[in-house]
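Work from the hints to combine the two standalone chains into their complex.
Each protein sequence line maps, in turn, to chains Y and R. Reminder that position 155 of the first sequence reads as 155 in this note's numbering, one-by-one numbering, no gaps. Reminder that position 71 of the second sequence reads as 71 in this note's numbering, one-by-one numbering, no gaps.
Simulated from the structure, these hints should not be mistaken for laboratory data. In this text, all values refer to a predicted model and were calculated from it rather than measured experimentally. Backbone N, C-alpha and C fix where the C-beta goes; we use that ideal spot for every residue, glycine too. Careful: at least some of the hints might be erroneous.
Said to hold, decoys possible - Simulated crosslink set (DSBU-like; lysine-lysine; CA at most 30 angstroms straight-line):
1) Lys280(R) - Lys10(R)
2) Lys176(Y) - Lys213(Y)
3) Lys280(R) - Lys253(R)
4) Lys280(R) - Lys96(Y)
5) Lys253(R) - Lys176(Y)
6) Lys127(Y) - Lys27(Y)
7) Lys99(R) - Lys183(R)
8) Lys187(R) - Lys99(R)
9) Lys187(R) - Lys96(Y)
10) Lys10(R) - Lys183(R)
11) Lys127(Y) - Lys280(R)
Stated by the list, open to error - Computed far set for chain Y versus chain R, every beta-carbon distance over 10 angstroms:
12) Pro4
13) Tyr5
14) His13
15) Asp40
16) Gln54
17) Ser81
18) Leu120
19) Asp191
20) Glu210
21) Asn224
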Amino acid sequence: MSTPYRDFDLAQHSLRELNHYLHHEVKQAAGTPVRVFNPDGAHSIACGVDTAVQIDVMGHAGYYVGGMNQHAQITVHGNASTGAGENMMSGLVRIKGFASTSAGASAHGGCLIIEGDASLRCGISLKGGDIVVGGSVGSFSAFMAQAGRLVICGDAGDALGDSLYEAIIYVRGEVKSLGADARFEPMLPEDHAAVTQLLTVAGFTHPSSEFRKVASARGLYHWNADANQEY
Amino acid sequence: MCGIVGLLMKKPAWDERLGELLVPMLVGMTDRGPDSAGLAVFSTALASGSKISLFYPSGQPDWQGVADSLQQQHQGEHQLIPNGAHAVLITSIDAQVIKNFLLAAHPQLVVLSVGSSIDLYKDIGTPAQIAERYQFGALTGSHAVGHTRMATESAVTPAHAHPFTAGRDFCVVHNGSLSNPHKVRRKLEPLGIHFETDNDTEAACRFLEWRMREGDDINAAIEQGFEELDGFFTFLIGTGDGLALVRDPFACKPAIVAETDDYVAIASEFRSLSHLPGVKHARLFEPQPRTIYSWSRA
Numbered sequence: 001m002s003t004p005y006r007d008f009d010l011a012q013h014s015l016r017e018l019n020h021y022l023h024h025e026v027k028q029a030a031g032t033p034v035r036v037f038n039p040d041g042a043h044s045i046a047c048g049v050d051t052a053v054q055i056d057v058m059g060h061a062g063y064y065v066g067g068m069n070q071h072a073q074i075t076v077h078g079n080a081s082t083g084a085g086e087n088m089m090s091g092l093v094r095i096k097g098f099a100s101t102s103a104g105a106s107a108h109g110g111c112l113i114i115e116g117d118a119s120l121r122c123g124i125s126l127k128g129g130d131i132v133v134g135g136s137v138g139s140f141s142a143f144m145a146q147a148g149r150l151v152i153c154g155d156a157g158d159a160l161g162d163s164l165y166e167a168i169i170y171v172r173g174e175v176k177s178l179g180a181d182a183r184f185e186p187m188l189p190e191d192h193a194a195v196t197q198l199l200t201v202a203g204f205t206h207p208s209s210e211f212r213k214v215a216s217a218r219g220l221y222h223w224n225a226d227a228n229q230e231y
Numbered sequence: 001m002c003g004i005v006g007l008l009m010k011k012p013a014w015d016e017r018l019g020e021l022l023v024p025m026l027v028g029m030t031d032r033g034p035d036s037a038g039l040a041v042f043s044t045a046l047a048s049g050s051k052i053s054l055f056y057p058s059g060q061p062d063w064q065g066v067a068d069s070l071q072q073q074h075q076g077e078h079q080l081i082p083n084g085a086h087a088v089l090i091t092s093i094d095a096q097v098i099k100n101f102l103l104a105a106h107p108q109l110v111v112l113s114v115g116s117s118i119d120l121y122k123d124i125g126t127p128a129q130i131a132e133r134y135q136f137g138a139l140t141g142s143h144a145v146g147h148t149r150m151a152t153e154s155a156v157t158p159a160h161a162h163p164f165t166a167g168r169d170f171c172v173v174h175n176g177s178l179s180n181p182h183k184v185r186r187k188l189e190p191l192g193i194h195f196e197t198d199n200d201t202e203a204a205c206r207f208l209e210w211r212m213r214e215g216d217d218i219n220a221a222i223e224q225g226f227e228e229l230d231g232f233f234t235f236l237i238g239t240g241d242g243l244a245l246v247r248d249p250f251a252c253k254p255a256i257v258a259e260t261d262d263y264v265a266i267a268s269e270f271r272s273l274s275h276l277p278g279v280k281h282a283r284l285f286e287p288q289p290r291t292i293y294s295w296s297r298a
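Next comes chain R alone, as it looks inside the complex (with noise of 0.2 angstroms):
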């Protein structure tokens, strides 16, 4: 059992209230996923260069040390916001570069995110305490997507914890479990598409971010998904445009949505949902299964 929680604002004045809105309802899912949580925040895409969302999954973090290697090796323009053992890296250089320079100087850092407008955040406890301990209340942006994660198929580590990223400005959370992960991972990795867990939703998430690169849209690689990935789910997908979900053909997953002239919001139950503003006059619906639901911010 996982929870999944997805907001997207309408209008840009709502974007100061997105962490506020979406903490309870991160929290709201506690009891379908104790022992881990994630946010991924998408805001006003950077002019040039990357974001890239770095955690020290253990030990203290030295994030000067992180700041001063990559001025000595890397001409450019770096920022540096650190966040307890999360930090944000702002960079004028090519993110690939800097991301190989990154692990083979930090081995102990880990990248969550690279891209133009997301940040990411996860680590194991309680949705509350994560969201304490990083101020997820205090996030603003224009879409952000959640997961509560109960682990039933993989270890309970940061890196196992959703959402998961790949390639820029693309993350899924899952609630479900898939059957054929490594059948997916097989094809995939001679691709030269590189994995850094065992865990299924991991291959669901580079498998669809594989298909956008190919050239399908979101909803094409979906449709494609249907085809080859086996097992229950519902997928809630982030992007810099905005949030896509759906549910396996058998609907095992539970979703909701909340839709108002303000905001679209998404989670796995409406108790996630109850503390919205206006919520008791949204449009309330549960997506069908086997069907692709989108919303974009333009």
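Just chain Y, with the same shape it has in the complex (with noise of 0.2 angstroms):
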């Protein structure tokens, strides 16, 4: 009988052979979850994964955990570092602890859920993907967000969605200040729709009508000569 996993130890096995198997072996046992086990803050974990497979990382990551990810189920128990699901086109990112600076940044597509806080510059420059944070996030969230939806459970640091393009913030607690060009605008039914649809792939249980939400003011999109660089 096989085993229900393939184990990796990052004590044991290098950080390189567990992305070559995730990267080449990995479509041959899709069915197979893969966990790894002692990462202790290894960089690029599960970086890069093109096929549907569940990967679950027992511990803290380093450094772009589950970045570039197209299609796999990536659970980090524990906390990662900077750039978590960043440039990710697919998939879905969870990390049940916090994030630091840059989580989701530039991701293109799927879904990063982190069930604690973020920290600075969530979401930077945003492509289309969705982020669900569960806890707060730091100053500059969002900032020149293109595409894609960041919800915020907690509070938003400065300059929430400074610069920001067609990426929508819904944020459930305070906001320390509005970046520029960013501003708060009504919750519509498809708001609504959207939070309460983004909260059940998170597992929150807040109600939609908690949230508000921040779009832009479209005001950085032409220069405008008379603004004398103040906006």
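In structure tokens form, the structure reads like this:
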């Protein structure tokens, strides 16, 4: 009888062995979930996976965990360092603890769930992915975010949504300050539906009525010679 | 890029393990800083007199010559404890007098630190090589500050390695870069403050130590630092009392803290903390930007 998991212990296996398996061999065993033990803050765990496989990281991950992910369902049973799920294309990355700076940076698709807090610059330059943060986010989150949705169940720091393009932010708690060109807008029925759907995926139960919407005022889309660099 | 580490033992019973637990922390930051490394260790303060860390950056160390010249020129008690190119001098004579004498009589010699409780080591090489060279694993004490350097703004020499010191029992390590170190230096030099290198961290170190000599406590000194030091930084500061940690307002450089009933451990990344006893149950957090964290042994 085969084991129900393919296990990698990073105290025994190199990171390269793990990622080589995830890039080349996992397709032949896509039904077999992968567990990674003793991650101990190693960088680039499960980066660039393009197979629908379940991966459980049994501890704290270092930089770029789940980066460039396509199709995989990756859960970090701990905290994640800088750039968790950055440049994700599809699939799901779940961080059970907190995430450091630039979580979900530039993600094109898929869903990043951070059950704890996210640090500064969460969702910076978001390009179509979804991010749900169970706790609070640091300053400059969703900076220059172009498409996608950022749901914040807690508070936001300074300059939320600075220079925002067409990404939408939903925030439940306090916003220390909005960034340039970001503004509160009324929650429409489709916004309530979007928040409810994303919270359901993430496993959070807050009613969508507790969220406010932040979107771009689109004032920066065109050069304004009269603005005198004041926005 | 650079790596910083710090460890403060909350209970004296843990002091003997300081070096043993710190070496893997330092080695864990090798990717962030492979060109040089340094360590400041604080142990029980001398009842009187001073401890001076000395270093021969090149050539054959002549520790006997140093000891002999001290005995001949300065009546007092001197104990010189050599450790390869490094030595700790314990002296009953005024530290500034001894420092001036040593620098004049032995121009090859570098004074790394002065105080009652600090020993300081720094050199070029990988963290593992330097830890082995000076037997960091055997060091004991209440707290320590370490650094692994990947130079970006000034030369790779032992003098440019961190920690930087100023005054007594005071040192700073830095991950990041300052944009106005020369401005800070131009402010301090007319006040009689002497610089030994062109390194940006030395400017921050001397600025903070100057503020504390002017009467600021460490929090007030760092608040002044926020006004005057421009750039990216995570600073870890060691004093005879303990450790202080601060990140710039944009949190450009990383830091993570693990705290248990027995110790506080600080590192640029978790991979330098993963070996610590009980870390799985430690309180783990990332310091907030522009917020001062400090821990003392008391």
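Going through the hints against the structure:
Simply put, lysine 280(R) and lysine 10(R) have alpha-carbon atoms about 18 angstroms apart, close enough for the 30 angstroms limit, and the pair holds. Pair hint lysine 176(Y) plus lysine 213(Y) holds up; C-alpha atoms about 15 angstroms apart against a cutoff of 30 angstroms. Simply put, lysine 280(R) and lysine 253(R) have alpha-carbon atoms about 24 angstroms apart, close enough for the 30 angstroms limit, and the pair holds. A threshold of 30 angstroms between alpha carbons decides the hint, and for lysine 280(R) with lysine 96(Y) the separation of about 15 angstroms falls inside it, so the pair holds.
Between lysine 253(R) and lysine 176(Y) the CA atoms are separated by roughly 22 angstroms; this keeps the pair inside 30 angstroms, and the hint holds. Distance restraint check for lysine 127(Y) and lysine 27(Y): the Cα-Cα separation of roughly 27 angstroms lies within the 30 angstroms cut-off, and the hinted pair is therefore satisfied. About 28 angstroms separates the Cα atoms of lysine 99(R) and lysine 183(R), which keeps this hinted pair within 30 angstroms; it holds. Under the criterion of a C-alpha separation no larger than 30 angstroms, the hint pairing lysine 187(R) with lysine 99(R) is consistent with the structure, at around 25 angstroms.
Distance restraint check for lysine 187(R) and lysine 96(Y): the Cα-Cα separation of roughly 48 angstroms exceeds the 30 angstroms cut-off, and the hinted pair is therefore not satisfied. Between lysine 10(R) and lysine 183(R) the alpha-carbon distance is near 38 angstroms, which puts this suggested pair outside the 30 angstroms criterion. Using a Cα cut-off of 30 angstroms, the hinted pair lysine 127(Y) and lysine 280(R) is violated, with the two alpha carbons roughly 35 angstroms apart. Every CB of chain R lies more than 10 angstroms from the CB of proline 4(Y), the least distance being 25 angstroms, so the non-interface label holds.
The non-interface label for tyrosine 5(Y) is consistent with chain R: the shortest C-beta to C-beta separation is roughly 21 angstroms, beyond 10 angstroms. Chain R leaves histidine 13(Y) outside its interface by the beta-carbon criterion, the shortest separation being 16 angstroms against a cut-off of 10 angstroms. Not every Cβ of chain R is farther than 10 angstroms from the Cβ of aspartate 40(Y); the closest lies at roughly 4 angstroms, contradicting the non-interface assignment. Distance check on glutamine 54(Y): its Cβ is at least 23 angstroms (rounded) from any Cβ of chain R, clearing the 10 angstroms threshold; non-interface status holds.
Against the 10 angstroms criterion, serine 81(Y) falls within the reach of chain R, whose nearest CB is about 6 angstroms from its own CB. Taking the minimum C-beta to C-beta distance to chain R, about 5 angstroms, the non-interface status of leucine 120(Y) is violated against the 10 angstroms cut. Distance to chain R confirms aspartate 191(Y) as a non-interface residue, since its nearest Cβ pair spans about 30 angstroms, more than 10 angstroms. Chain R leaves glutamate 210(Y) outside its interface by the beta-carbon criterion, the shortest separation being 25 angstroms against a cut-off of 10 angstroms.
Listed as outside the interface, asparagine 224(Y) is consistent with that label: its C-beta sits roughly 27 angstroms from the nearest C-beta of chain R, beyond the 10 angstroms cut-off.
The structure fails hints 9, 10, 11, 15, 17, 18 (numbered hints given earlier, in ascending order).
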